[in-house]
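Residue numbers (UniProt numbering), protein chains in the order written: chain A, 1 to 428; chain B, 1 to 428; chain C, 1 to 428; chain D, 1 to 428.
Watch out, some of these pointers could steer you wrong.
As the list claims (entries may be wrong) - Capping the alpha-carbon separation at 30 Å, the derived lysine-lysine pairs in BS3-like fashion look like this:
hint, chain 1, residue 1, chain 2, residue 2
1, B, K315, A, K354
2, C, K150, C, K98
3, C, K243, B, K82
4, C, K44, B, K243
5, C, K195, B, K243
6, C, K195, B, K315
7, B, K44, A, K44
8, A, K150, A, K44
9, D, K265, C, K44
10, A, K44, B, K243
11, B, K315, C, K82
12, D, K44, A, K243
Unchecked claim - Reference excerpt, derived from the structure (chain C facing chain D, CB under 7 Å, subset only):
hint, residue
13, A31
14, F35
15, W37
16, R75
17, D76
18, V272
19, G274
20, K276
21, T280
22, T334
23, Y338
24, M362
25, L417
26, G418
27, A420
Hints were generated in silico from the structure; no laboratory data involved.
From the three backbone atoms N, C-alpha and C, an ideal C-beta is built for every residue, glycine too.
Number of protein chains: 4
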Amino acid sequence: MSRLLCRHFPRRALLARPAYSARSYASSASAAPQFNWEDPLNAKNLLTEEELAISEMAERYCQEHLAPRVLQAYRDEHYDPKILQEMGELGLLGATIKGYGCAGVSTVASALITRAVERVDSGYRSGMSVQSSLVMGAIHDFGTEELKEKYLPQLAKGKIIGAFGLTEPNHGSDPGSMETTAREHPTKQGYYLLKGSKTWITNSPIADVLVVWARLQETGKIRGFLVDRSMCPPGALETPAIKNKTGLRASITGMIHLEDCPVPKEHMFPDVEGLKGPFTCLNSARYGIALGVMGALEDCIARARTYALERRQFKGNPLAKYQLVQKKLADATTDAAYGVLAAIQVGRLKDEGKATPEMISMIKRQNCDRALWNARVLQEIFGGNAVSDEYHIGRHVANLYVTQTYEGQSDIHTLILGRAITGIQAFV
Amino acid sequence: MSRLLCRHFPRRALLARPAYSARSYASSASAAPQFNWEDPLNAKNLLTEEELAISEMAERYCQEHLAPRVLQAYRDEHYDPKILQEMGELGLLGATIKGYGCAGVSTVASALITRAVERVDSGYRSGMSVQSSLVMGAIHDFGTEELKEKYLPQLAKGKIIGAFGLTEPNHGSDPGSMETTAREHPTKQGYYLLKGSKTWITNSPIADVLVVWARLQETGKIRGFLVDRSMCPPGALETPAIKNKTGLRASITGMIHLEDCPVPKEHMFPDVEGLKGPFTCLNSARYGIALGVMGALEDCIARARTYALERRQFKGNPLAKYQLVQKKLADATTDAAYGVLAAIQVGRLKDEGKATPEMISMIKRQNCDRALWNARVLQEIFGGNAVSDEYHIGRHVANLYVTQTYEGQSDIHTLILGRAITGIQAFV
Amino acid sequence: MSRLLCRHFPRRALLARPAYSARSYASSASAAPQFNWEDPLNAKNLLTEEELAISEMAERYCQEHLAPRVLQAYRDEHYDPKILQEMGELGLLGATIKGYGCAGVSTVASALITRAVERVDSGYRSGMSVQSSLVMGAIHDFGTEELKEKYLPQLAKGKIIGAFGLTEPNHGSDPGSMETTAREHPTKQGYYLLKGSKTWITNSPIADVLVVWARLQETGKIRGFLVDRSMCPPGALETPAIKNKTGLRASITGMIHLEDCPVPKEHMFPDVEGLKGPFTCLNSARYGIALGVMGALEDCIARARTYALERRQFKGNPLAKYQLVQKKLADATTDAAYGVLAAIQVGRLKDEGKATPEMISMIKRQNCDRALWNARVLQEIFGGNAVSDEYHIGRHVANLYVTQTYEGQSDIHTLILGRAITGIQAFV
Amino acid sequence: MSRLLCRHFPRRALLARPAYSARSYASSASAAPQFNWEDPLNAKNLLTEEELAISEMAERYCQEHLAPRVLQAYRDEHYDPKILQEMGELGLLGATIKGYGCAGVSTVASALITRAVERVDSGYRSGMSVQSSLVMGAIHDFGTEELKEKYLPQLAKGKIIGAFGLTEPNHGSDPGSMETTAREHPTKQGYYLLKGSKTWITNSPIADVLVVWARLQETGKIRGFLVDRSMCPPGALETPAIKNKTGLRASITGMIHLEDCPVPKEHMFPDVEGLKGPFTCLNSARYGIALGVMGALEDCIARARTYALERRQFKGNPLAKYQLVQKKLADATTDAAYGVLAAIQVGRLKDEGKATPEMISMIKRQNCDRALWNARVLQEIFGGNAVSDEYHIGRHVANLYVTQTYEGQSDIHTLILGRAITGIQAFV
């Protein structure tokens, strides 16, 4: 279990924390309960010892190793693939998977990791989510034993990098209309030929393996394929990067162009057809996002609070003394507390086999919406200073917009919920 | 424990449910988990068997016995004191108190009762909250053993009715400035004389006993007194009703005028001084409101959903098919689900001694705000028809405005939270 | 022109103003311009002398003669038909019509009258709008010269009362599906028989004449009929009142039941077919509402401001000193100022023949939405005291909900605008 | 008058318009009025022929000459100083000033220019606003005739560039606490020495002249100084650029460091003391922003509309067919229409001498708030594609955040309005 996670953690002393992160991990043992603005409704009370330890370890890694490089990475639109290796060494990747070199922890524990990473940057979390939930999850849930044994351990270590190709240029919210096809190779037996384009694919430019969803010509059904770049002939697979992004600039995003790319038949997931496959993976990723974005919001709260306490205007009063400022902090803190509880609840239900996709739609939608909303409101506390990227709040705001749109744009989840509540679909 | 509650429950068959209440209590035993719009994040999974049973019993009583009379009562601004007796017979009053004829159930169980009552009407819940949390709570927490034994069992049965006098005409949000005084009786030994006015006091016109907070002249400190109407000389205690209310019309509200009213010294709570006393009681009441208002919101959701499914416009489509309608339902359902989880969490912490007043400020504020907001948005689904009181939604909207303002107006809780988050008070 | 209006105005002295109405009509003549919270963007600068005089006269009448009776009328759900007579005497009814005993003023002048009336109560304004825009407007725009000469002068004086029957029980937002029919009388030549039901009809229980829209059997087209109650045989026309309304209680609302009611053919509007007829009338009424609701909002602002200045909490500070309170006032004042300017602009365009129905949808929707929103937020300033109807704010809030839903529910206007912007209809 | 403006306009044909800008300048002459989503409430009807011509000319220049370069400029954080020269050639700078080579047009005409520029980019508008309103305005309103004649004509041509130094690192919203000082030069007669730092100063790194506000030591009063970089000894004036901004990246921003910088006494504005000076200039700039940001919002609407019409999802329907999308467009269009009317109204009042600073606070606050809000909502229509900067919407969103914070952060204007409404200041 979490042995794996803890074993890998370097035992050096806690390094100096970055200036604006005042988060405290120590649990106080005082008699009378104290309100803790960092965990206002005491969600920690719901966690196991193991989960607390994993969370603390992940937070420490992220603050020590990710936080110091994010500013420059975001400016340069640069993603360092070594990050996945570091995460792999700590056992953070594919953490809910049992076996294959993975940690086998609870769904909640795994989401606490995403929260720790997203506290630093949603882009870093995106890179990890793709590797863990979408790629490793797809191979674990749908791959043959051979595929699992060949790829999962390396993915778990971050030695190879994965990408997940579902979205197409003309089919963002409606993957059921995808145009990418797979057809029997006309000459080379035991191979399919994949043809089509995917876009907004996190990690694609640096990916070693790509889970690609395509319509199988012989049946018309959507199937999943594991494309191993090392097996692709030149020109058959192109993965150009998309540059000049307005958010998630610390992650790498690209397209996937498949030009009659041959893929061995054993690399097609054997037993899953239609959208069930990708949606199962998305479900896991969305769950991770739901707690992840709370980390980003919590970082915004911590930074805004610090700024409000330090910045003085009008007769030397700290901004924190103004009612309009306190309201922004109170609202954000409340939404963060509620969002964390809801995510933990769904995580528990997931492990008990009681979660439904609509629940995940609900928490993904609500937590992304509220994280974005509150981050924007908290940004106002910084006034014009938020224009400097060194306050980090502008980066969170830009990132959180993206989290609201991917893995199901907010309005799409609204309609999924509407359908679940009324029994009537209103997509068209 | 809940024996008491269950023992009293009349074993007759479940009566026909009212037209617009489509709530189902049966738990489905199907294999694959299903999304349930009435409990979207499966909060029931957090409840004990006993809590589920209490909740079901309370819901049944409320739907069978309260729902049928609320429409007329609200129109007439009439409160039937027999309601408290009925509740008393079922063991619903002061339910968390152990002994003294009370049920001694968990904090969450008690709040599930308030939710059941408030699903029908916030005014009915107010009447009960005052009896249970404010009056019985005050006597239990601060009264002498004699007072407890004399009053609690009768209050628990609903045979006598209590009121709680804190708010004054000029001091709504700031009870620390209260003007009501208690002074030594100049002639009659062993008595204090109470003088002053309280307003917006639920139950006061029909109350047999009134917990009154007053400033003790000799110390200048606020103290609590149990005023027994049967002991008051004529003219010393007046409790005129406040009529023509714009909300909570199914509860009864009034003033308390004390004109040198003599109260025996043994009726002063012995060991509590300052605002700690009333705030402790308010804390309990606020907690009950936090889950209670979710009941009102859930009723709005159920009614709006039914209306949207039945009402057809434009080519015979049910309103439920329109995206703008589905969004209203999805938003409300999400807020209800989150609010219920947060309230259960704080209830558990309360029983573990880990809850703080700020937590209760947070959930009282947020749940009242969101209940009101969503009720108003759901009301739009009814269009002009909401103007008919027979759709009930207008009543909930009017009631929920009041819940947002009493027991700490929303902005006051904002500033309580702001102070807790920043360490700086901004009331002045 | 406005001679008529001014001539009728009783020349007695300005009576004492009601406690909470601190509106000043005097124009200051100071050198440096001063910010006036009652007219923040100096909309008066856009008005003619005549319009200013009409506005002042109407405001005076409303404050002197309507304001004193609204509280009791609202409590009792009572509408005094003498109000229309009083308005008629002042020339306030059908004021834009030239001739037939009407004042013939500008569209803006007419809307300033609705604003004055709605500053007191939206129900009073509704009763007047129906008389002026819907009934007199319909007769003027579509009636024969005989109908105009017979009915308009009496309607203008308020000696007879009109109602407008468009909405049906099953067709609120979609009048094109109406079920009421008109067919050739089988025996009595020169007569149609009207059959069907209308609901939510302002003034219907006391109406002398009713404009009724029905589908003419021979053509299948919607036509307009002027039903004169004095001509209807017993039982053919029933107009029961709808009671227990949750808003607009100072206006009278009812149904119209037509049971093969004979109507002379000359009472069918000759030249208008389809929805063009009712929509032309609604357009005028909606325009009046757009400026009318600003009056209600302005009254809420004035009352909330006064309350905030007089009510003291926490160290004796007036509520007006708190930032959270100032924000509510600033937001509301801004929306009122913007809404007034937009309504004046569309009024001017209307008189120049440049207004389109979509413009009116825009200002009706926006001004009703913002009036309701801000009234609710201002209500929070009153805290629990708003529950007393004597503060009037609760009444405005309840009324404004209704204005948002009638004459085109807000979402319907959203879709009208959406269609105008995109060229694509999304009603279905 | 506008001769100047028109004379300079190059008479070549209208170039091809950028892909996403579908704005039409042609006025239709059809009989029945048509709703025009680009000018929903026909604000053009309020403009003079001259104003229409100036607006059209400015729009054409901006679409032809600014729009093509903004994408790359924003990516590179590059501001081309030639832009001010081009604007100068067209007579767009300091356009309300009469004489000194300026166009002498109405306040509204001048704001139509800012709207045209901000339709392309708020940063471009910022650069122009500083030159026109803050620098030329300050010199014109407060400078000696010598200063006016020396500097205004060159500034009007864009041959020299100006900056405006008010904000200090520790005094953003509260300039009254500024620390920059001016003292008599101890040795060089007729000179002051300026010492202090200013930050977030648009144009400062490339400015030839800088209006600097400093506290005059001998009186303690704030005075204005025109610092001419060509007169400053090396090291006395440093203006480092601030890089890595999260918004307004197409404008250039920097600091001003004055290290005992000698300034001739004739360069101190003679007759203005205290905050009146800078606030007068800010007032003009804020006015321009109020209409300017409407241009940015209108561009967002146009782009979102085009995208919604072209992008198809779910059975080939354009996004524009979805109710949730239409609502976003309807809301934004309404706010744009209202904001334009309010800005025109205040412009007219300004020219009539009837505008007050609070009016400008109101429209600056509201229009910036609504532009930002709606731009964010419209961004949702683009889903994940908004992450590509080629859709421009992300740039507008990032820019509009900044407009909300500078020239008076939104909350500060709230409190200015609150004070004006209640007579009570709540800054502290």
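* Asked: Given G418/C was flagged as interface, is its beta-carbon under 7 Å from a beta-carbon of chain D?
  -> 3 Å, holds
* Under the criterion that the straight-line Cα-Cα distance not exceed 30 Å, is the pair K44/B, K44/A satisfied? -> 21 Å, holds
* Is the hinted pair K243/C and K82/B satisfied, with a Cα-Cα distance of at most 30 Å? -> Status holds; Cα separation ~28 Å.
* Restraint satisfaction for V272/C [CB to CB of chain D, less than 7 Å] -> 17 Å, violated
* Given A31/C as an interface hint, is the shortest Cβ-Cβ distance to chain D below 7 Å? -> At about 9 Å, which exceeds the 7 Å cut-off, the nearest Cβ of chain D leaves the hint on A31/C violated.
* Regarding the pair K265/D and K44/C, is the alpha-carbon distance no greater than 30 Å? -> 46 Å, violated
* Straight-line alpha-carbon gap K44/D to K243/A, limit 30 Å -> 40 Å, violated
* Interface hint status, K276/C versus chain D (Cβ within 7 Å) -> At about 13 Å, which exceeds the 7 Å cut-off, the nearest Cβ of chain D leaves the hint on K276/C violated.
* To do: Tell me if G274/C is really an interface residue toward chain D, meaning its C-beta lies closer than 7 Å to one of theirs.
  => 17 Å, violated
* Starting from K315/B, check that the Cα of K354/A is at most 30 Å away, please. => Not OK: K315/B and K354/A at ~39 Å, beyond 30 Å, violated.
* Asked: Is the hint on L417/C kept, meaning its closest Cβ partner in chain D is under 7 Å away?
  -> 4 Å, holds
* Satisfaction of the T334/C interface hint, Cβ to chain D closer than 7 Å -> 5 Å, holds
Going down the numbered hints, you'll see the structure goes against 1, 4, 5, 8, 9, 10, 11, 12, 13, 16, 17, 18, 19, 20 and 21, while the others check out.
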